[in-house]
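Working from the sequences, and respecting the hints, build out all of it.
Protein chains in written order, with the numbering used here: chain A, 11 to 134; chain B, 89 to 199.
Honestly, I wouldn't trust all of these hints.
Listed next, the in silico BS3-like pairs over lysine-lysine satisfying Cα-Cα at most 27 Å (straight line) [what the hints assert, rightly or not]:
hint	chain 1	residue 1	chain 2	residue 2
1	B	155	B	195
2	B	155	B	134
3	A	93	B	105
4	A	55	B	105
5	B	134	A	87
6	B	134	A	93
No lab work stands behind these hints: they were computed from the structure.
Just so we're clear, the structure is a prediction, and the values are computed from it rather than from any experiment.
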Amino acid sequence: QVQLQESGPGLVKPSQTLSLTCTVSGDSIRSGGHYWSWIRQHPGKGLEWIGHIYYSGSTYYNPSLKSRVTISVDTSKNQFSLKLTSVTAADTAVYSCARGLLRYLDRSYYFDYWGQGTLVTVSS
Amino acid sequence: QSVLTQPPSVSAAPGQKVTISCSGSSSNIGNSYVSWYQQLPGTAPKLLIYDNNKRPSGIPDRFSGSKSGTSATLGITGLQTGDEADYYCVTWDSSLSAGGIFGTGTKVTVL
Chain A
11 QVQLQESGPG
21 LVKPSQTLSL
31 TCTVSGDSIR
41 SGGHYWSWIR
51 QHPGKGLEWI
61 GHIYYSGSTY
71 YNPSLKSRVT
81 ISVDTSKNQF
91 SLKLTSVTAA
101 DTAVYSCARG
111 LLRYLDRSYY
121 FDYWGQGTLV
131 TVSS
Chain B
89 QSVLTQPPSV
99 SAAPGQKVTI
109 SCSGSSSNIG
119 NSYVSWYQQL
129 PGTAPKLLIY
139 DNNKRPSGIP
149 DRFSGSKSGT
159 SATLGITGLQ
169 TGDEADYYCV
179 TWDSSLSAGG
189 IFGTGTKVTV
199 L
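Put into structure tokens, the structure is as follows:
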């Protein structure tokens, strides 16, 4: 059974960098075939795609966040990470990691496993 | 980035049917597959439908999906109280701002 678990600080000060890690079990990131994704949900709001990374390090980011986001992968630890710089209160959200499947040829994209999510609050 | 538009809410009595629409454009739904997710209160989203109309193992056939042009639809028949949740569509946008995009979400209420 594939499991994903987010970890990282639950409180970040404004203007600082939000850093989260997703630890994957039950699947090997380096085996390829999946796109390891970050998604967030503002309190009481809908889901927002942040971006994803392939085991090779290839990334796609949400254009609205692209200037502040970096997603990286550590295949030796079977983890991938999210960094979001210059955070404001508007970045307060539940951040979730998910395993995605993407077929570029016919543009099929979906997420079959999700972490439980972790609330990150931006406040001084 | 483009937006996928869903109705904020739909409702029906137990046993009835609801449909949820997801409206996009030619750069996303128009040339990509759509997936659907159920998010029960306080839980992670769960994949219900992928590739427009395919159900993962364990998803009952009360849930169905379809796509036509730049819109997709999720149908739920035999509505149960346990279906009360938020539902989201997702697709890939292949415009200059390529990436994944979520629908605005729909709250299903079982009356």
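Requested in this report: Hints the structure violates: just list their numbers, smallest first.
Outcome: Of the numbered hints, just 3 does not hold.
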